[in-house]
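The chain contents come next:
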Amino acid sequence: MLIKTHRSGFTDPVSSDITPQGIYQQRRDLIRLMAGGAAGTALAGWAGREALAQGVAKPGKLAALPGAKSGVPGAMTMEKVTDYKDVTTYNNFYEFGTDKSDPAKNAHTLVTRPWTVAVEGLVKQPKTYAIEDLIRLSAQEERIYRLRCVEGWSMVIPWVGYSLAEFIKKVEPLGNAKYVEFITLVDPKTMPFVGSRVLDWPYVEALRMDEAMHPLTLLTFGMYGEVLPNQLGAPVRLVVPWKYGFKSGKSIVKIRFTDKEPRTAWNKAAPNEYGFYSNVNPGVDHPRWSQATERRIGEDGLFAKKRKTLMFNGYEAQVGQLYAGMDLKKNY
Amino acid sequence: MSAAFNKGLMHPAAKPLVFTTALLPFAWLFYGALTDNLGANPAEHLIRATGDWTLRFLCIVLAVTPLRVISGTPALARFRRMLGLFTYFYVVIHLLSYSWFDMGFDVPEIIKDIIKRPFILVGFSAFLLLTPLAATSFNAAIKKMGARRWQMLHKLVYLIAGLGLLHFFWMRSGKNDFAEVAVYAAILAVLLGWRLRQYLKKKRLQPTSFGREKLSK
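Sequence lines, in order, name chains A and B. Counting in our numbering, the first sequence runs from 1 upward without gaps. Counting in our numbering, the second sequence runs from 1 upward without gaps.
Incorrect hints may appear among the rest.
Restraint ranges, calculated between C-beta atoms of paired labels, are given here [said to hold, decoys possible]:
1. B/L200 <-> A/K329: 32 to 42 Å
2. B/E109 <-> A/M209: 35 to 45 Å
3. B/E180 <-> A/T109: 55 to 65 Å
4. A/G175 <-> B/A186: 52 to 62 Å
5. A/K308 <-> B/N37: 25 to 35 Å
Hints are computed from structural coordinates only; laboratory data are not their basis. The beta carbon of each residue, even a glycine, is placed where N, CA and C say it ideally should be.
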């Protein structure tokens, strides 16, 4: 029989099998445009389809951690938030592997409870905080920051946390404390790559005291309204939005106040490539590549031109004065 | 067994089969790009994957002769040219992906980038050196050049392999991550080491004829 009826075995397709009109229309447009030699614009639009489908909704994967919208100047960029899937599958967290897809695959072994953060060095009260107490220490805020990786890509992420300054005020550093050092977890049992010699473990990062006290510097416990996924540095990490991403240590276990500039992980590995400051700066190239442009993950399609990187990642109005009079070419 | 293998390689379907198989990585990447399935950074994925496949095909094509001699399957030689051309195919896609998706075909920017990043310069040199090899991959070229000169030109592939490996090593050195580089280095070392041994063996077998020829001149 040429024409099938229900009786001869024909069943209607379920609605999920039917390609929505919008999508097949786009496919057709794509094919048409490719035929016309305009594949570039077509694929950019294709990637844009993803943009329409998303909002800053909770992904529903982990425990909720709500935060009130932050009132700190510069803390709420209006730019489109990056897809949760992209943010959680494209990470640099070398303790779990050097490929950017490794942390999402391997970080499930990380044990985030119980977790403590020790406060040491030049403080009135050296003390060890349980993560639960640390979370309750100040009101959680949602902050939508741009993240610019030193490798030349960027994302927009809605973090949840509070200003590190709130914490620093509580622990009362001594007058001679000039730097804050962040020491992150090194656990060979749960972190498969700390046996490798890629970096000198544990991963250590640090800020100057005024940088650490800046309200934009975020002690971070969550993102997208939920607690941090392991591959993003659960249960507590730092986010310093005007510096390259590697300055924001993940899975912090110790915070130390010192009077000398600490040696940081990447600075130790390649001092001529990664300076102590590592502020986002389109005018100072990495020795091996340009920092003038960046690719926004999930947004700038295959054929789109990369976007211009902004001074201090666009936070110049807020943080520029911290570096007044400094030669940023020397202090890269 | 080797005879049966040899016979299988002579089958008329063998060449189309190898051709199709060699095209699969490209088809897979192309499909991934169209369906937006190349992860968070599709441009980076395309550039890296095509680079990986170039290195893999380089290893495969360099394995043809050792395999042919060791296993005694002369029919393997039928596939060498095609595999060599696929190496070139993947390096062209690699270079195109970089120039297009990373640099937006901005030629002054590309030149600046090549100068700034020595590892790209090394990779680019390897591509340039591979071009005459690909361009002389037809019988008329061999005839015109003469087998001897053609063979000499195609010995360049050893240098190209070294440059390709250096390109990869240098790229990975940013992350101090050499595990994968070591695998390719080991494979290439075996393949080139075998050739060196063959060469030395041959030299030992007929050391005088070469010397006499020199003397008589």
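The hint says 52 to 62 Å between A/G175 and B/A186; measuring C-beta to C-beta, is that right? Holds - the Cβ-Cβ distance for A/G175 and B/A186, about 57 Å, lies within 52 to 62 Å.
Holds or violated: 32 to 42 Å for the Cβ distance of B/L200 and A/K329? The hinted range 32 to 42 Å is violated for B/L200 and A/K329, with Cβ atoms some 54 Å apart.
Does the Cβ distance between B/E109 and A/M209 fall inside 35 to 45 Å? Taking Cβ atoms as reference, B/E109 and A/M209 lie about 40 Å apart, which means the hint holds.
Satisfaction of the hinted span 25 to 35 Å by the C-beta atoms belonging to A/K308 and B/N37: With Cβ atoms ~29 Å apart, the hint holds.
Holds or violated: the 55 to 65 Å window for the beta-carbon distance between B/E180 and A/T109? violated, 23 Å
Checked against the numbered hints given earlier, this structure breaks hints 1, 3; the rest are met.
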